[in-house]
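Protein chains in written order, with the working numbering: chain A, 1 to 258; chain B, 1001 to 1282.
Keep in mind that the hints are not guaranteed to be accurate.
Said to hold, decoys possible - Pairs of lysine-lysine residues, derived as DSS-like cross-links and limited to a Cα-Cα distance of at most 27 Å, are as follows: (1) K1255/B with K150/A; (2) K1068/B with K1264/B; (3) K75/A with K1255/B; (4) K1068/B with K1190/B.
These are computed hints drawn from the structure, not numbers from a lab.
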Amino acid sequence: MSARTGPATRAEVCAVACAEAWRGNGEILANPIGTIPMIGGRLAKATFEPDLVMTDGEALLVENIVPLGVDDPPKVVAGWNPYRAMFDIVWGGRRHIMMGASQVDRFGNQNIAFIGPSDRPKTQLLGFRGAPGNTINNKTSYWVPNHSMKVFVEHVDVVTGIGYDRAADLGPGAARFHCLPRVVSNLGVLDFETPNHSMRLRSVHPGVTVDEVVDATGFSLVIPSDIGDTRLPTDDELRLIREEIDPRGLGEAEVPSP
Amino acid sequence: MPDKRTTEDEVVAELRDGMTIGIGGWGSRRKPMSLVRAIVRSPLRDLTIVSYGGPDVGLLCAAGKVKKVVYSFVSLDSIPLEPHFRAARQAGTIETTDLDEGMFLLGLQAAAWRVPFLPTRVGLGSDILHVNPDFRTVQSPYADGEGLVAMPALALDVALIHMNRGDEGGTGQYLGIDPYFDDLFCSAAKRAFMSVEKVVPTDDFLKEGPVQSLRVNRLMTDGVVEAPNGAHFTSCAPDYDRDETFQKTYAATAKSPAAWHEFKAKYLDVSETEYQQAVAGS
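Work the whole structure out from these sequences, hints included.
Below, the structure written as structure tokens:
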């Protein structure tokens, strides 16, 4: 396997942006779904957030950095976490998941279930999976590898993961554990740190313009005047990604270089 | 100890049109596929299938056995979306109850504990309550007064599961890493039938795995079917992995009626013995 060299790719910038979502989370379960989020989660644990608890992607809790796409990688097993036990963690709130979104709106309502009417959808997608339980119980961030008007929509067809407007309607009691820290896409980083929790562009990835993000978004984003670039990976982070976390470069398949 | 040994066809003879049938496993993992294939061969129809869904759901939909699916996902794991389930949904030929994965667990647990519902925060604010207009919320009777979803019991007429080992009395043992929810499916059902890779003497269980692997006790089961390779083409670790090649072949049959009919004639309109021979030769 030839070592990858050269400046950071878009996929690597995205992985670092995902890692940043877990910064400051401490001793909770970091639960990334998707290739780039998995690279990001492992990177956060390997660098600035070492107390994170992570799975091997299946039913084990592991303390080492398990590389992606490697057959029978070494595992330092520290726990057993079958599906049933995962609900104990989710409902107890000690978890920050980063999952996908087929559609997401300005308040962070997410749809992964289906497009079109519920009795006969135009397109059947995953179903509700764990999205309602995730968003009402623990931190939920989103990863969108294909930032487009089809994904960032004015209204989602069905709300699987709840956004800030739905949470507000529930009142402060029922929604007290609701928190959507980040949305990371292939174009930039977004959050809900605005007075009414409407989605804000937090940074654009190097080489992406604000206009590109605006044009690929189906609702009006809050754009701060001092918008900057997403930070580049450090040399140490690049080495970790390329040599230890993603030696086969699987991240490049999820986010090809522009 | 009773002798509960039986066969796939005898189990299916106990089923009736319109029954609610829970199927264990998860996605394309440790599914009681030989029992599912026996249902496909039968004249049964209008079934309600309750499943952390995989090809069990897809096969039964494609074979026209299903009236309704209670699900939170239907996936082949390595192929994220089950194509036959997708086709049935998009054709509008099946009804569904859409659930969160955890609500699903609570529904089974409520049925197993014989209570009408279990309270949960899960579902609040999402469209679960819109797509299931018969679901209700409850208010905590305590000082907090919190509003919660009352997840109704998912009572099953029959549960079908597949385990790695079992004895003739109906104790079941899983040897993989995850028990999934198979014991809960059995407990939520009036009657439960378990296929196993191998029927072993009770005294051999602890040679196979630790006592914690005896997840299904015989109070939970009514019949045991010895079905070597019975979970094929889903995984049944550590006995065997998923047959990814066969799964791809199966998934591709959703692309055309002709491909499905060819697959059905070769692999489904035949006995389980013939199926296993066809698979071994493919």
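Tell me, which hint numbers fail for this structure?
Hint check: 3 fails alone, others pass.
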